[in-house]
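Residue numbers (full-length UniProt numbering), protein chains in the order written: chain A, 1 to 528; chain B, 1 to 390.
For the record, the hints were derived by calculation from the structure and aren't laboratory data.
All values derive from a computational prediction rather than experimental measurement.
Warning: the hint list may mix true and false statements.
What the hints assert, rightly or not - Computed beta-carbon distance windows for the label pairs:
1) B:Glu291 with A:Pro347: 32 to 38 Å
2) B:Gly209 with A:Leu411: 41 to 47 Å
3) B:Ser75 with A:Ala399: 32 to 38 Å
4) A:Ala486 with B:Ile250: 50 to 56 Å
5) A:Ala421 with B:Ser75: 30 to 36 Å
6) A:Leu323 with B:Gly49: 49 to 55 Å
7) B:Arg123 with A:Leu345: 25 to 31 Å
8) A:Ala421 with B:Arg131: 38 to 44 Å
9) B:Ser100 with A:Ala486: 57 to 63 Å
10) B:Pro44 with A:Leu323: 52 to 58 Å
What the hints assert, rightly or not - Anything over 10 Å on all C-beta distances counts as not near chain A; from chain B, calculated:
11) Arg83
12) Met86
13) Leu184
14) Leu188
15) Ile205
16) Glu370
Ideal Cβ positions, reconstructed from N, Cα and C, are used throughout, including at glycine.
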Amino acid sequence: MFRYILRKVAFLSTCGKNSNEKYKYKEVEENRLCTDIDQNLEALKNILGSSNDIITREFVFAGEGRVKGLLVFIEDLVDNKIINESIIKPLISGTPLIYKKENADNVNVVKSEMLSVGDVKQENSMDEIVYSCLSGDTVLLIDGSAEALIIASQGGENRGVEESKTESVVRGPRESFSEDLRTNTSLLRRKIKNPDLTLEKMKIGRRTGTMVCISYIKNLAAPELIEEVRRRLKAIDTDAILESGYIEQFIEDAPFSIFPTVSHSEKPDVIAAKILEGRAAIMIDRTPFALTVPMLFIEDFQSPEDYYSRPYFSSFIRIIRFLSFLISILAPATYVALTTFHQELIPTNLLLTMAAAREGTPFPSVLEAGIMVITFEILKEAGIRLPRPVGQAISIVGALVVGESAVSAGLIGAPMVIVVAITAVSSFVVPFQSDTGSILRIILLGLAGFMGAVGIMMGLLVLIVHLASLRSFGAPYFSPLAPHNASGMKDTAIRAPIWLMDTRPSSIDRDKRRRQAAHSKPEPPKKQ
Amino acid sequence: MGSSFKTILKQIACFFLILTLSGCWNSRELNTISIVMGTGLDKPEDGEGVLITAQVVKPGEIKASEKEGTTGTDSNAYWNLEREGMSTFATVRGFTHQASRRLFFPHNQVLILGEDFAEENVRKKIDIFVRDPENRLTVWVLVSKGKAKDIFYVKPELEKITALSISNMVDAYAATSQSISVNLKDFLTRIMSDSTAPVAPFIKIAEKGGKEVLVMEGTAVFKKDGLAGELDSKETRGLMWVLGRVKSGIIESHFSEGGEYVAFEIVRASSKISPEIKNGKPCVKITINEEGNVGEENFRDGLDLASMVKELEGKKSEVIKGEVMAALKKAKELNADIFGFGEKIHKSYPKQWAKLKDNWDTVFNDLEVEVLVNAKLLLTGEIKTIEQGK
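Bound-form chain A, shown alone (with noise of 0.2 Å):
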């Protein structure tokens, strides 16, 4: 059987190949300009079809050669105003400068001395015309040039920056990526005023043609590190890129793996820090979420307000949330192991009191743990999908049901309520971790139902193991912690003064190259 099962794999995987094989892009010759201004609208008609968006506005230059010229765009995506003042009303009725249709200077003069825009491009290549067309830039035409201005006039509505809705802190900048991908380089840059910071836009998806952005520091990355960067985006080949995640499924290490590889933010303070420590920002058009590589285990486990608040406090609650981490995915688990398996690690009275709630439930208890965890993910799923005000609803009936009734008709124990309502509220501790939480938490519970706490420690184990092999961008996923660095526990379950925090994380920046003076450690003036 097993043979079998191995053979249809292998089937499936040659056939994926089979089909990558046909859908190779096709290398086409490129379509260029000519310099005949009727036969490019004709060839940009073509193209671009016959949606009514798309607007050719003709226009006869100011000035006695009546040269003809061409606007090329999408009325929804521009900018009017810069299309009516800066475009138009200098060309139409300013100076008088295009005399001549044959003039081959007339790009350069009506770039640099009429438009009054401040991004225009010269461009001869009909694709690169096109794209920038679809993406809300205007494209001019000169009759008897075979070279095209790319206006920059991107407009139309975009939702603003606003707070942050997956990530709220209490202490510290409000601000969260919005949909516009110029938007949010603008936020990093603003984080970061240097030089190095490099943004490096590509496009991706042949159909959606997204922009994807590097962001990262010029001396500060790792140039292997960026170049792998771009060999994996540059290796995608798809039709659309309409989120991250479709970005971080293609390029992660380990796309088996139930833990992700790849780390996600929405907050411009979170990216910015991961870059300056050597990181590279994914950032793509229309989704508010930037991706960050390489990723470690423990960045899920950290929260930018660590950094803002004082130290004592901030470890206290890291260690909080690895606590909650593990009850989230143990507290079920361990709780069968102990009732079915192991009553007699039960203080005694604690079992009287266990042994009292139990009495006349019908379920075995593994099945009753089931049962309230999948009842709880179905509530948790409910609660998120359904509009606010049935959101409520549903939330009402749920601790209703589930909290009260199921345990006053005698179905399921008052202790299994309490511990899947613990192991609810810890998930939520450490949010991105909490889809994984989900998993591990019902095939840990499975295995204690099989074995108790054999069953528990094999998980435990492999799960490790599985975690300590696992690689993200070159550097070891589980460090600092395996292979262990001393350096970088500082910034673990004890998050030491930023003052002695003096290296990058040695996982990321290899060079190990200092952040800060030394001897930054704050001291009052000594007494004359």
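Here the structure of chain A is known, so what remains is to put chain B in place on it, guided by the hints.
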């Protein structure tokens, strides 16, 4: 991509194969076991074998009385099972014929030996409590005056379960030092020793106001493994002093015939037993160090005791020494080495011990024991007299 997927699939398959190997071995739900809280061993009426009483919890009752918030209900939270049999092991297993659930022993709190049972060969009958992994060696061992099974029918006032109440009692008495707490491990170590005599606290049923209550008092002394005699409270503390197990307690010292007394609180105490062999004759020197405070006195008008610290310390030493000597006298009477002097000599003089071992009983009777007590007074609870007019 294909290959890594295959490995993962293999791993997952292996994982599930392991699961099928194990099954749910040894899994038992809480509502399929009955938790044994106390066990009693008695000699049956007709002589042979053993009569076992097991006190198990009725979880439903615990819940019920919790809900109503009253303890006045007539139903008990425990159920006593009794069974006679030849071997202890078979009898314990035989409980399945009486109970719908399997008996679960790890939470057993007390093992009570009936008086008549204790008089005979104890070791051979409690063997199972050591061999069976379900039993813990931390079970308290007690000896009952009368039948052990009767003890379990006394309904405790504070706790819901008799065995739990007895176990708490043992814990509490250990702190006043006038009774001894012995767990199965200590008991068996003493049984297995060549010279040391096992001890266990006595428990009995007393009538108070028409109600039966349990009282823990005195210490049962075993010779080899049969009950030999009893120590009273004073002698018990004497034993505790020598063993260095006194943790707390009150020492009462009479000052005069007129009822004047002072009561000291023991803060800490330790002891040292140093054996020696002089001229081929073994002797033992016991040093007891005690520190304590004055807790109460009724013989002075002023409250200032600072001037008589030395005197008080002397009084205290006297009492302690008296207790130790009483215990020593009783031990010699019973010819039972409850202090473990034999083991001490064994450790210090292993070669000589080989000769002494065989006639330890006579050697112990003539053993020269020197008792040295250093009692210190830490605080007199000093209150200065307030002078008039100031």
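Hints and how they fare:
1. Here the CB-CB span from B:Glu291 to A:Pro347 is close to 34 Å, well matched to the stated 32 to 38 Å.
2. Our hint of 41 to 47 Å for B:Gly209 and A:Leu411 holds, since their Cβ atoms are close to 46 Å apart.
3. In this structure the hint that B:Ser75 and A:Ala399 lie 32 to 38 Å apart at CB holds, the actual value being about 34 Å.
4. Separation of A:Ala486 from B:Ile250 is about 55 Å and conforms to the stated range, judged on CB atoms against 50 to 56 Å.
5. At roughly 32 Å, the beta-carbon separation of A:Ala421 and B:Ser75 lies within the given 30 to 36 Å, and the hint holds.
6. The supplied range of 49 to 55 Å is met by A:Leu323 and B:Gly49, whose beta-carbon atoms lie about 54 Å from each other.
7. For the pair B:Arg123 and A:Leu345, the supplied restraint of 25 to 31 Å holds, since their beta-carbon distance comes to about 29 Å.
8. A C-beta distance of roughly 43 Å is found between A:Ala421 and B:Arg131, which places it inside the suggested range of 38 to 44 Å.
9. Taken as a hint, the range 57 to 63 Å holds for the pair B:Ser100 and A:Ala486, whose Cβ atoms sit roughly 59 Å apart.
10. Between B:Pro44 and A:Leu323 the CB atoms are about 55 Å apart, so this pair conforms to the stated range of 52 to 58 Å.
11. The non-interface label for B:Arg83 is consistent with chain A: the shortest C-beta to C-beta separation is roughly 23 Å, beyond 10 Å.
12. A cut-off of 10 Å between C-beta atoms confirms that B:Met86 is not in contact with chain A; the least separation is 28 Å.
13. Every CB of chain A is more than 10 Å from the CB of B:Leu184 (nearest about 15 Å), matching its label as outside the interface.
14. The Cβ of B:Leu188 sits about 20 Å from the closest Cβ of chain A, beyond the 10 Å cut-off, so the non-interface label holds.
15. Under the 10 Å C-beta cut-off, the non-interface status given to B:Ile205 relative to chain A holds; the minimum distance is some 24 Å.
16. No Cβ of chain A approaches the Cβ of B:Glu370 within 10 Å, the least distance being about 44 Å, so the stated non-interface status holds.
The earlier numbered hints are all upheld by this structure, with none contradicted.
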